[in-house]
Amino acid sequence: MLLLLACAPEGPVTACVVEEPVGTGVFGVQQVCGRWWFVPPEGGRMWSAGVNAATPNGSRNGVTGEYAYADSVAEIHGSDEAWGQVSTARLRSWGFNTAGSWSRPDLLDLPATINVRLSGGDWETGALADWFSPEWEAYVASQVEAEVVPRVGDEQVLGWFLDNEIRWGRDWRGTDTLLQEYLGLGAESEGKSVAVDLLLDRLGSVEEVNAALGLDLADRQGMLERTDWDELDPGTSGTEASLTLAFLELAAERYFGLTTAAIREVDPDHLILGNREVSVMVPAVVWEVAGRHVDVLSANNYVFVEGIADAALNISGGLDPAGFLQAQYELTGKPILVTEFGFRAADAGLPNSWPPIYPILDDQEARADAFEDYVREAQAAPWIVGTHWFAWVDQPVDGRFDGEDNNWGLVTEGDQPYVLLTERAAEVFGDVE
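Residue numbers (this note's numbering): 1 to 433.
For the record, the hints were derived by calculation from the structure and aren't laboratory data. Every value quoted in this text rests on a predicted model; they were computed, and no experiment measured them. Here a beta-carbon is modelled for each residue, glycine too, at the ideal position from N, C-alpha and C. Where hints are given, some of them may not hold.
What the hints assert, rightly or not - Label pairs and their in silico Cβ distance ranges:
| no. | residue 1 | residue 2 | range |
| --- | --- | --- | --- |
| 1 | 217 | 190 | 14 to 22 angstroms |
| 2 | 106 | 172 | 28 to 36 angstroms |
| 3 | 292 | 172 | 24 to 32 angstroms |
| 4 | 373 | 265 | 40 to 48 angstroms |
| 5 | 202 | 25 | 45 to 53 angstroms |
| 6 | 217 | 142 | 33 to 41 angstroms |
| 7 | 152 | 363 | 40 to 48 angstroms |
| 8 | 346 | 221 | 56 to 64 angstroms |
| 9 | 237 | 151 | 41 to 49 angstroms |
| 10 | 265 | 347 | 46 to 54 angstroms |
| 11 | 373 | 139 | 38 to 46 angstroms |
| 12 | 397 | 139 | 30 to 38 angstroms |
Put together the whole structure using the sequences plus the hints.
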């Protein structure tokens, strides 16, 4: 099919005649007249309008232990399967076309993004696995076997997320760099050996390591046995910063290289969507390495209260995501999926107290306005291939496991839609061309 598109991501509007992308039986990505799109299995173009955590459970109340949303689902719908049918119809009527991370693709008749969870770390604490160890390789293989193999050839899989919000260095979960984390491992760990050898390769000898860092280590074994490496505080320049950056690139290459190879060995066709990265916490080198291995970059990209984004970038040394992650696109040339964003309002009857880094809007009309402004700006960036809203249902009034107690939902814990927001979503997503 031929179509006429007005396309001008940069410069004056021009018209171009193109053929609709041809389907391959699974989702792909393609640039059409200067704009990136997902290509459905049957062909054509799709901009992914997703929602996270669309499940019949909701979050557990961290105080009472109750699942208020699950109780509402049982009372209103009678079964999870009935909830899935109703929720699929709702989402489609609201303009959503994708089940985002942590959703129930078995219950929702929508294309789905699947989180394979390959880092082996702990998202909440930021604890890391040793990515250079055979144990981690075995873990990756087992996760791919469990999550990917059963879905090979599945037309409803939009793509694979490798993991969620990995800690690439300093962030809200810890003050050590990735190099310091690995040098803090035990002497027998493979990752510790890799980190020590990087210091030796870069500086030349144990004596030169001592001279550069003000240490008094006898030999390589002494380096392996030392676990406190505060001297490697990178600052913004100099030897410490150079070493920190070099190890970050090495670790990222190991992570993205092994995980993507493990998936493609069993499933060479589905898209790999990268990690759901915290947009303000990821250094340029990590984006660059990821871009060499994945098909799409993914970013959790919120609007923060004034000063938070700058502080986060200062702590992490991250690449500024201004302009809807334009720098990330220019660095890698890969299309970008916004995998998490949301807004909360004061009139929902929830505390909206944690974390205190996001704006609290006055009411649901302001929330709908903020949604529209965000998505239309994303749609105007030709490298953005979709936005995924966080989340399906509000968090508990007493907070979930980590204390979050926000009005993020499309629906309340009583399963009642926020009509101003859902009507606006239908309007905004209906305009994607």
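Verification of the supplied hints:
Taken as a hint, the range 14 to 22 angstroms holds for the pair residue 217 and residue 190, whose Cβ atoms sit roughly 20 angstroms apart. Separated by about 33 angstroms at the C-beta atoms, residue 106 and residue 172 satisfy the suggested range of 28 to 36 angstroms. Residue 292 and residue 172 have their C-beta atoms about 28 angstroms apart, which keeps the hinted 24 to 32 angstroms range intact. Against the hinted window of 40 to 48 angstroms, the Cβ-Cβ separation of residue 373 and residue 265 comes to about 43 angstroms, which satisfies the hint.
Checked against the given bound of 45 to 53 angstroms, the beta carbons of residue 202 and residue 25, roughly 47 angstroms apart, stay inside it. Between residue 217 and residue 142 the Cβ separation comes to about 38 angstroms, which falls inside the hinted range of 33 to 41 angstroms. Between residue 152 and residue 363 the beta carbons are some 46 angstroms apart, a value that agrees with the proposed interval 40 to 48 angstroms. Evaluation of the 56 to 64 angstroms hint for residue 346 and residue 221 yields a pass: the beta carbon distance comes to about 59 angstroms.
Look at residue 237 against residue 151: about 46 angstroms separates their beta carbons, and that is inside 41 to 49 angstroms. The hint said 46 to 54 angstroms for the Cβ distance between residue 265 and residue 347, and at roughly 51 angstroms that hint holds. Hint check: residue 373 to residue 139, Cβ distance near 41 angstroms, so the stated range 38 to 46 angstroms holds. A C-beta distance of roughly 37 angstroms is found between residue 397 and residue 139, which places it inside the suggested range of 30 to 38 angstroms.
The structure shown violates none of the earlier numbered hints.
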